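Enquirer: Take 572 as the starting number for the sequence shown in the numbering used here and just add one per residue.
None of these hints come from the bench; they were simulated from the model.
Don't take every hint at face value.
[Claimed, not checked] Under the rule of at most 25 Å between Cα atoms (straight-line distance), these lysine-lysine pairs were calculated in the PhoX-like manner:
| hint | residue 1 | residue 2 |
| --- | --- | --- |
| 1 | Lys661 | Lys676 |
| 2 | Lys626 | Lys670 |
| 3 | Lys676 | Lys588 |
| 4 | Lys649 | Lys602 |
| 5 | Lys649 | Lys745 |
| 6 | Lys649 | Lys626 |
| 7 | Lys670 | Lys602 |
| 8 | Lys649 | Lys670 |
| 9 | Lys745 | Lys661 |
| 10 | Lys591 | Lys661 |
| 11 | Lys694 | Lys602 |
| 12 | Lys661 | Lys626 |
Remember, it's a predicted structure, so these values are computed and weren't measured experimentally.
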Amino acid sequence: MAVATFDAVVATPREGKFNKNAARRVRVAGKIPAVVYGAGLDPVAVTVDPRTITKILHSESGHNTIFDLNVEGSALTKAMIVDWQNEPIKGRLLHIDLKRIAMDKAMRVSVPVQLVGIPVGVKTQGGILEHVLREVEIECLPGDIPSHIDLDISGLELHGAIHISDLPHSGSIKFLGEEDATVAHVTVIKEEAAAEVAAPTEPEVAKKGKPEAAAAAAPAKK
Numbered sequence: 572m573a574v575a576t577f578d579a580v581v582a583t584p585r586e587g588k589f590n591k592n593a594a595r596r597v598r599v600a601g602k603i604p605a606v607v608y609g610a611g612l613d614p615v616a617v618t619v620d621p622r623t624i625t626k627i628l629h630s631e632s633g634h635n636t637i638f639d640l641n642v643e644g645s646a647l648t649k650a651m652i653v654d655w656q657n658e659p660i661k662g663r664l665l666h667i668d669l670k671r672i673a674m675d676k677a678m679r680v681s682v683p684v685q686l687v688g689i690p691v692g693v694k695t696q697g698g699i700l701e702h703v704l705r706e707v708e709i710e711c712l713p714g715d716i717p718s719h720i721d722l723d724i725s726g727l728e729l730h731g732a733i734h735i736s737d738l739p740h741s742g743s744i745k746f747l748g749e750e751d752a753t754v755a756h757v758t759v760i761k762e763e764a765a766a767e768v769a770a771p772t773e774p775e776v777a778k779k780g781k782p783e784a785a786a787a788a789a790p791a792k793k
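Just need the whole structure built from these sequences, with the hints factored in.
Expert: Structure representation (structure tokens):
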């Protein structure tokens, strides 16, 4: 489950203009700008501690973590991180979006699929494993969101595939993707491609003019 034991995230409402200069001043002060919305309430521009948000994003449940949000002047509520922006070079957080969560209402989220084991098709049959679908979209109550879905692939043979329909289903989680969508399969490198990799051929050098034999056989011009 994605409900974590983090301390409440404290958010301080922002006032004044909300432009790039204002956002820069927020970051200089050691905070990051954020927006809180959802649950039928008006959006609120706030500032939060980037260290707290980074800790949540790097946790096992990541952005699917549900935590207590304390917006100063408002009642405590459950929330999730639904979007964030990082600085391209140094990777520092620049901005986040927080969504208020109703624990009694189903929601849609994407969760990672973790492959467990080594397929027999790789171990003994010379195949290669391709992890096609690394995340799947599900619908469930917030308290039932898994941090990830484990998929045992040890029995997967050469040319075999596992689809969304093969994932562990339960009454609390509904998969939203196509049931026949491939999650992982074991394939083999095509013989032609393997031959090229094993013995690359030298490129032919284009020859100009006639071959010597043809030139000798050709009648001289008068």
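Enquirer: Does each hint fit the structure? Answer for all of them.
Expert: Evaluation of the provided hints:
no., hint, in the structure
1, Lys661 with Lys676, "violated, 38 Å"
2, Lys626 with Lys670, "holds, 18 Å"
3, Lys676 with Lys588, "violated, 34 Å"
4, Lys649 with Lys602, "holds, 21 Å"
5, Lys649 with Lys745, "holds, 22 Å"
6, Lys649 with Lys626, "holds, 17 Å"
7, Lys670 with Lys602, "holds, 19 Å"
8, Lys649 with Lys670, "holds, 8 Å"
9, Lys745 with Lys661, "violated, 38 Å"
10, Lys591 with Lys661, "holds, 19 Å"
11, Lys694 with Lys602, "violated, 50 Å"
12, Lys661 with Lys626, "holds, 17 Å"
When each numbered hint is compared with the structure, violations occur for hints 1, 3, 9 and 11.
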